[in-house]
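My request is simple: use the sequences and hints to build the entire structure.
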Amino acid sequence: DAGITQSPRHKVTETGTPVTLRCHQTENHRYMYWYRQDPGHGLRLIHYSYGVKDTDKGEVSDGYSVSRSKTEDFLLTLESATSSQTSVYFCAISEWDYEQYFGPGTRLTVT
Amino acid sequence: GENVEQHPSTLSVQEGDSAVIKCTYSDSASNYFPWYKQELGKRPQLIIDIRSNVGEKKDQRIAVTLNKTAKHFSLHITETQPEDSAVYFCAASTGFQKLVFGTGTRLLVSP
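So the protein lines, in turn, are chains A and B. Just so it is clear: in the first sequence, position 10 is 10 by this note's numbering, and no numbers are missing. Just so it is clear: in the second sequence, position 48 is 1048 by this note's numbering, and no numbers are missing.
Simulated from the structure, these hints should not be mistaken for laboratory data. Note that this is a predicted model, so its numbers are computed, not measured. Some hints here could point you the wrong way.
Said to hold, decoys possible - From chain B, some residues computed to sit far from chain A (all C-beta separations above 12 Å):
id : residue
1  : G1016
2  : S1028
3  : K1042
4  : V1054
5  : E1056
6  : T1069
7  : E1083
As the list claims (entries may be wrong) - Have a look at the derived ranges for each label pair, beta carbon to beta carbon:
id : chain 1 : residue 1 : chain 2 : residue 2 : range
8  : B       : L1040     : A       : E95       : 24 to 34 Å
9  : A       : T15       : B       : E1056     : 47 to 57 Å
10 : B       : Q1045     : A       : K57       : 39 to 49 Å
Glycine included, C-beta positions come from ideal geometry on N, C-alpha and C.
Following this line, the structure appears as structure tokens:
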């Protein structure tokens, strides 16, 4: 597996609380992505980054924000978690060739 | 934007049979088509990919074919084994190093 870690791996939180998920890579890849995976929907892009401090929205970005202050770290924040954000979140990295490699995932439950 | 449809959603085969999963895409500018395998509770793993200048690519028991005119591509697994049981996702490239994923096919290989 590519050098990608995610933390935490599991989290249970209450509705209305802020949550931050971290993705860390040791591959020095330029592009980083956050996806959510839900039954029947496959992998849907939340936000992505094309460089330090360069980010853009994906198809399901409402309720999420991201930050990338260093090449190796990409943070996903849920400002006020809702039950609809219960999901498995995957980070991915890529270089110039479109090949994406995924982290181990974070299972988030919002009660 | 790009839309990727994947069929079937579930596929059951006997060990030793072949399995075929099909995807269609909408954006004629797409030029990269990967396939991922995801075992239960694991991250998606890139197993094979094809670029638009190639019509077919093989890697041992798996192959991918691409028909750019019809905008569809397929994954072929021959001599299936129980360890091939997993969820398979296709994807197509879109602008800015992004991928759009299909909704997945659950493959079950029975001994």
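Hints, one by one, checked against the model:
1. G1016: Per Cβ check, G1016 of chain B is outside 12 Å of chain A; nearest 29 Å; holds.
2. S1028: Since the minimum Cβ distance to chain A is about 17 Å, S1028 of chain B lies beyond 12 Å and the statement holds.
3. K1042: violated (8 Å)
4. V1054: holds (14 Å)
5. E1056: Given a closest Cβ separation of 19 Å, the condition holds.
6. T1069: The claim stands: T1069 of chain B keeps its Cβ more than 12 Å from every Cβ of chain A (closest is about 22 Å).
7. E1083: Check passes; 18 Å lies beyond 12 Å.
8. B:L1040 with A:E95: 24 to 34 Å: holds (29 Å)
9. A:T15 with B:E1056: 47 to 57 Å: holds (50 Å)
10. B:Q1045 with A:K57: 39 to 49 Å: violated (27 Å)
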